[in-house]
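Chemist: Assemble the complex: chain A is given as a structure, and chain B must be docked to it using the hints.
Note that the protein sequences, when read in sequence, are chains A and B. For the first sequence, numbering that gives the first Met the number 0 assigns the number 419 to the last residue and increments by one with no breaks. For the second sequence, numbering that gives the first Met the number 0 assigns the number 419 to the last residue and increments by one with no breaks.
Errors might be hidden in some of the hints.
Given that identical chains are not distinguished, each listed pair holds provided it fits within a single copy or across any two copies.
[Said to hold, decoys possible] With a straight-line Cα cutoff of 30 Å, these simulated BS3-like cross-link-like pairs (lysine-lysine) come out:
no. : residue 1 : residue 2
1   : K33       : K322
2   : K37       : K322
3   : K419      : K232
4   : K403      : K358
5   : K32       : K321
For the record, the hints were derived by calculation from the structure and aren't laboratory data.
Number of protein chains: 2
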Amino acid sequence: MVKIGILGVGTVGASVANILETNADILEARAGKKIVVKSGVVKNLSKDRGVSIKLSDNPSDIIDDPEIDIVVELMGGVEEPYRLVKQALENGKAVVTANKALLAYHRYELQEIAGNTPLMYEASTAGGIPIIGALRNGLTANHIESIQGIMNGTTNYMLTKMINEGALYDDILKEAQALGYAEADPTFDVGGFDASHKLLILASIAYGIDAKPEDILIEGIENINQTDVAFAKEFGYEIKLLGIAKKVKEGVELRVHPTMIPASSMIAKVDGVMNAVSVVGDNVGETMYYGAGAGGEATASAVIADIVDIVRGNQDPMLGYKKPLETGMELLFESEIVTNYYLRMSVIDQSGVLAKITKALETFNISIESMLQKPHRDDELVKLLFTTHACQEEKIQEAMIALKKLNCVHGEIAMIRIEK
Amino acid sequence: MVKIGILGVGTVGASVANILETNADILEARAGKKIVVKSGVVKNLSKDRGVSIKLSDNPSDIIDDPEIDIVVELMGGVEEPYRLVKQALENGKAVVTANKALLAYHRYELQEIAGNTPLMYEASTAGGIPIIGALRNGLTANHIESIQGIMNGTTNYMLTKMINEGALYDDILKEAQALGYAEADPTFDVGGFDASHKLLILASIAYGIDAKPEDILIEGIENINQTDVAFAKEFGYEIKLLGIAKKVKEGVELRVHPTMIPASSMIAKVDGVMNAVSVVGDNVGETMYYGAGAGGEATASAVIADIVDIVRGNQDPMLGYKKPLETGMELLFESEIVTNYYLRMSVIDQSGVLAKITKALETFNISIESMLQKPHRDDELVKLLFTTHACQEEKIQEAMIALKKLNCVHGEIAMIRIEK
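Excised from the complex, chain A in its bound form:
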């Protein structure tokens, strides 16, 4: 019999406990041993958790219990779980965590501490989708060329509503909050930070890159509006908040931002709260993994898959490699990213304006690929929307500053990156 202790019995923790009970038949058949939750630890003992397991408010009751084989960490936060997971590993206990923030900051220290003790984290990225297993086991024959993931359901729900139903950003945010998809302070989701944690985890398996959220480009969906949506539709794009890891000659780009992608691509077809991760390998080509990225039961499904793998004797290296991966896989600076860009600006409706703008862009070696001009409803400005050929991030940022200084350009310039 294998005994489990759960640190943090919230929605996911309760689902883990309940599924281990209700699906005990298949779990024992698949793992080869009975799996039983011995106890859980919570902050507040007076709250009903809807589980029948023994609860305590002292983590030591799990971490230091010699009977417990596997510690499941579902607390949230970073430093406290780090301390507890470290202690559990040092006590020789296998650990399963769903904590993306913990891994975004401490995965390399934890790998070191774990050594040969299993430390698994399928649930940390894209909820119930077994993407960690796919990348760590299923695609090992490949140099990973790119990863593009819809790894945040809240923002995908919002963008889908904005695109399919013409909903306004503020309205749809309120709706997402009412439905429980978005927090009262939605920044972590809509600002792209949640997705960045997941991207960093995947990038470690693919490229062995040790980066923290602060090191990479993260932009949210707050500035997307219906003008952008209409442009995207007209030019055959969808807009998705993507986590992107991409190997180029000079190194690896890691970035999270709203992205225009061809509407015909598989990942563009993923709507609503669903998640999906597209992985391109040098041999396998494109593969994609789709499913629920959140929710108690879907996340618990991934937590339990890890438990079963541990019980079966899984010895996979935590981050998928036992010796350093490819050389030359350094993280590129934000300024070094190369992609196509969409720009939206308001300009005076006068002859010669377009010439001024294209000339300003030429200074930075940026050329326009497609353009759309639309009248404003209530003043004498026109909206100028265009996409550029591929150029360096540094150049587009400089060009935007230069464009804003032109007299003919009014207000802010909005930019969305494009992946072809």
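Modeler: Chain B only, in chain A's frame:
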């Protein structure tokens, strides 16, 4: 160092040998050991294989070579590979096979023979997509409610062309043959047999069902025509050749047939030669896995993933379970399948005909859900197309016999099953 022997050095075998060489850097990092191909066995030594490995025409040079740790079986066929894989396992060698036919017929004997020796087969199903790993490891927490897979690229290519471009079946079959997607005798693909092998492998992991191709319903795409395609479009369906495994109260349905599925479902959006498998679990909900289902390099990607897993010390049970899975998971008879149906028939253009047909259907408790009537171009018949509410396969088969006996019905009646 781990030494590999390859039985059968065709397209996939050559890709395996070449990738193990070109991607040796990441493979050693991920597996923790150098992986080297020691030799290959082919039937015809005079043919150039485009590989630099030592070749022999005697399987014993691999099977009985004490230096070889892992035997990769890529020969095709059933009985000869069965004999050789058995011998390799008995010699204590781990085996990786991409041979779906071998597994469709002998997976349970092989599991028995293998015991604790690894026998892996990721490449047998859906090429480069790591669907075996997803099902055997990623979704272990779930009772599998259903599997729906596009597991044959040839037929998906043909159906996509028929639907998107209005191509005729015979023309597109010729094109697929010219492109190398379809064999000179296309029966194995277009008849659904290839997909059935893959379905049986997945059904074993999901339900522990021991069935052979002869035991299940297999129908091909040969009778689909542009009338069906037009109807599907009008009523919001796509037509896909699906392998379906579905748990119902009474047992498990296993079937391969052209299927009308809602155009809004993710699997309906998978076009061209690509494969995808949708798996619904009781906790995770729907997940989907997408990628290349064939091709030397994509298939080799899966073969090598298995090799790496074996080198890492993977101890997963071959079919994903160590003790019998759920009880009551018996294979249902074809006649017991329950689903919705689409029927196409030609009837005389006369009043009262519709009443006769609905009355005939009522005799079998079948009711019509939607209907479309279209004139024939060149005679006095009309095409009657309709879908039924859910009913039992046995009833629809009996109803079709009864309908054909009516004087007002001319020629054959075509039927396509619908999954909602």
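Chemist: Hint by hint, say whether it matches the structure.
Modeler: Evaluated hints:
1. K33 to K322: between (34 Å within a copy, 11 Å between copies)
2. K37 to K322: between (36 Å within a copy, 23 Å between copies)
3. K419 to K232: both (15 Å within a copy, 29 Å between copies)
4. K403 to K358: Classified as within; 14 Å inside a copy, 74 Å across copies.
5. K32 to K321: both (28 Å within a copy, 9 Å between copies)
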